[in-house]
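Trainee: The lines below spell out each chain.
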Amino acid sequence: MMALLAQVTDAGDPLFEKGVKLFSTVMLIVLIKAVLAFVILLVAVLLMVWFERKVISDMQDRIGPNRAGPWGLLQTLADGTKLFFKETLFPERADKAVFRLAPYLSAVPAFLTFAVIPVGGVVHWFGHTWNLQLADPPIGVLFSLAISSIAVYGIMLAGWSSGSKYPLIGSVRATAQMVSYEAAMGLAVATVVLKSSSLRTGTIVAQQVGTAHIGRLSLGWISGWNIIALGFVPAIIFAIAGTAELNRPPFDLVEAESELVGGFHTEYASARFAFFYLAEFMNTITMSALIITLFLGGPLGPDTGIWGLGRLSPVWFLAKLLVLLFCYVWIRGTLPRFRYDQLMDLGWKKLIPAALFWLLVIATIRLGGSTGDKLLHFAVAIPVVAIGVWVLVTAMRRGRERTDAKNAAMAAKTLTTGRPGRF
Amino acid sequence: MVDWIVFVVGAVIAIAGALGVLAAKQPVHSAVLLVMTLFGVAVLFVSQEAHFLAAVQVIVYAGAIVVLFLFVIMLLGVDRSEDVRVETLKAQRQIAAVLGVLALAELVALSRFHFVLGTKSVAGAASEPGANVELIGKSVFTRYLYPFEITSVLLVIAVIGAVVLSRRIRTSEDVR
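Protein sequence lines, in the order shown, are assigned to chains Y and H.
With this note's numbering, letter number 126 in the first sequence gets 126, and the count goes up by one each step, no holes.
Count along the second sequence from 1, add 423, and you get the number used in this note's numbering.
Simulated from the structure, these hints should not be mistaken for lab results.
Here a beta-carbon is modelled for each residue, glycine too, at the ideal position from N, C-alpha and C.
All clues stand as given, with none of them false.
Taking CB as the label site, the calculated pair distances span:
id: 1; chain 1: H; residue 1: 524; chain 2: Y; residue 2: 386; range: 51 to 61 Å
id: 2; chain 1: Y; residue 1: 86; chain 2: H; residue 2: 430; range: 37 to 47 Å
id: 3; chain 1: H; residue 1: 488; chain 2: Y; residue 2: 363; range: 23 to 33 Å
Covered by chain H, according to a simulated footprint, are these stretches of chain Y (three or more residues, beta-carbon under 8 Å):
id: 4; region: 95-104
id: 5; region: 132-140
id: 6; region: 148-157
id: 7; region: 163-175
Chain H extracted, bound-state conformation:
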C-alpha cells in the first residue's frame, strides 16, 4: 500500500514535469520542470531501494547539470520564448517524428518480448540491506573498470576540447 502510494506520487511528479518541459514556453521554466522530473525519478529509485542512484541522480543532474543549463540561459539572455514555426534544421520535424515512433516501438517490444528483462542485476539484489553502495562500487571498479575509466577519459577530453576551442591564443602583441 505504502509502496504503491510512493510509486504513484513519484510517477505523477516525473510525468507532469516531463510534459511541462515540453509545454513550457520559457527555457527557465523548462529547466525548473526538468528538475521536478529528476526528483520524481529519484523518488522512484528510492522506492526500489536504489538509494545511491537516487542521491547521485539529484547531486549530478539536478545539482550540477541543470544548474549549468540555467547559468547559460541567464548569461546568454536566451530567456524568452522562440517562434516554434521556424525550422532550424531542414526536415527536422519529420525525422524526429520517425525516431520517436521507433523509440516507442522499441520500448513496447522490449516490455512485450522480454529481450532484456530477466537479465541479472548489476548491483545485486535490492533486498540486501545497505549493500547497494558496496555492490555498485565493486562492479564499477572490477568488472566495469575499463568502460568506467574510458568514460571518464572521454569527459576529460570534452573539457579540454571546450577549453581549447573557447580560448583565444594570447601573443605578446596583446599586452600593449
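So that you can see chain Y by itself, here it is in the shape it has in the complex:
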C-alpha cells in the first residue's frame, strides 16, 4: 500500500486536492491524524524517559528503574501519575497568570514541530490519498524554526514569573543560549534548503532518494542523504545547535543543579513541573526527527519488497530515531557540562562562521551546477570566499590577542599590587 517512491513535486497535500469541507471524511482524517500523532508522541515520551534512565544506569553500572512493570517499563507512568495528583503551589511573589501560562508555552510548541515531520510515504486508505505526516505546509522547515523560537517563551516566562533569583538567572541564560544557537541552526537549515530548493519537508525527503553525485558523476553506492550530499558540516552544526536548543547536556546550563538549584523550573511542582519535563523529552524526540528529516533521509530506506518495508516506511524512520535518541543519552552520560563563556564562544565564534562559510561553498557549487558555466563561477567564487574567510579569521585572531594581552596585564598588576585589576 505504501507508495514506492515519494512524489518529487512541490504540489500540496493530496488530501486537500478537492477542497476542504466542514464535517467531511477529509476533516475526520485530519482529526484522526492529529490525535494519533499526539498519542504516539506521548507514548514515545513515556518510553524515552524509561530508555534514558535505563541506558544511563547501565553506563553508570547501576540497575536503574526495575520495580514498576516488567523491566521498570511503567516507572514513568507511576511518576507522572504522582506528579499530577500533587498539590499545586504558587510562590508568594509569583506572577500568577504568567506562572500558569508558561508550562503550556513550553509543552505546546514541543508537540507542534512534530506536525511537519514526514514519518512515512503516501498511503491510500479510506478512499483518500494522504501523507503519513500531520501537515505538509509549503514552508515546513520555516515552521519548525518558528516554533522552536516560540519555545523560548516557555522557559523565559517560567523563570521570570517565579519571582525568585535562581529561576530568573536560569531563564536569562536559557534565552541568550537559545537565541544564539538559533542563528547557527538557521544557517545549517539554509544549506539544506539550497540543495533541495524547497521548504517543504516532504520534498526535502524526496530529494534524498538515490545515490550521491557530483554534477553528473555518480558516487556509486554512497547514499544521497543530505548528511553526505552536503558534506557532513551542516549536519554536525545542526546537531550541536539542536542539542543546545534543547538545553540538554552538555549544554544544560539552564538548569545546572550545582549552580542554580533547578534553573528556570526551581519553583515549579506537581502537574506544571510535569509539563516542563514532558516538553523537554518531547523536544528531544522532535529534534531527532527533524535531524532525520533534514539530513538522514527521513523515512527512506532500502526497498525490501516486503509489505510495509518499502522505500518509504515508518519502520526505517523509527530505526533512525532510536539510534539518534541513543546518541543523545550517550552524550548525556559521557560529556561534562560546558562553562558559560565556552558555550557562547562555541556558538558565536565557531559554529556561526563555520555554517556561514559552508553556506557560501554550497551556494557556489549550486550556482556552478545550475548555470553550467562552472569554471567562471568557481574562479570568481572561490577567491571571494577565501578572502572572506581570511578577514574573519584575522579579525578573530586579533581580538583574541588583544583580550589575552589585557588579561596578562591585569594578572601582572594583580600580582604586584595584591589588588585585583579591573576591566
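Since the structure of chain Y is provided, determine the placement of chain H on it from the hints.
Mentor: Just chain H now, kept in the frame of chain Y:
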C-alpha cells in the same frame, strides 16, 4: 465555511491581543499579549495562502523582537506598573489623539475610495500553489533590490550606532 471560521478565530485572537496590550498594567503581560496578536495575524496570513509571510512574521517578530523586549524588561527591572497620570512629554496625549483620528480617517478613506485597493500584488497571485516563496524572492532580488539593500544597510548602521554609543573607550589607564 472553513475559511470563514479560520478568519474569525484569527481575527478574534489578533484583536483580543491588541486590546490586551493596551489594557495590561504589567509590561511583561503586554509583551505576551503582543505575541498573541502576532500569532493571530500569522493565522490570517496563512488563510490568505501567504505561508512565507506567516512563518517570517512568527520567526522575526515573535521569535526575536518580542524576546528582546522581554529581555530588556527583565534586565532593567521595569516590570512593574507605572502611574499613567504622569505625562512624560508635554501635550503627548492631545497629539496622540489627533494622530490616531487621522490614521483612522485614512484607513476609512482608503477602504471607501479604493486608492490602493486593486493595485497589482507584488507576490503574484496566491492561487499559484507553492510559488509564493519563489515570487517573493524574485521580487526582492530584482525589482526591489535597491530598497531591500538600503534597508539592510540602515539596519547595520543602527547596530553599529548602538555599539558605538554604548561602548566605553578603554585607554591604557583602565588596565591598572
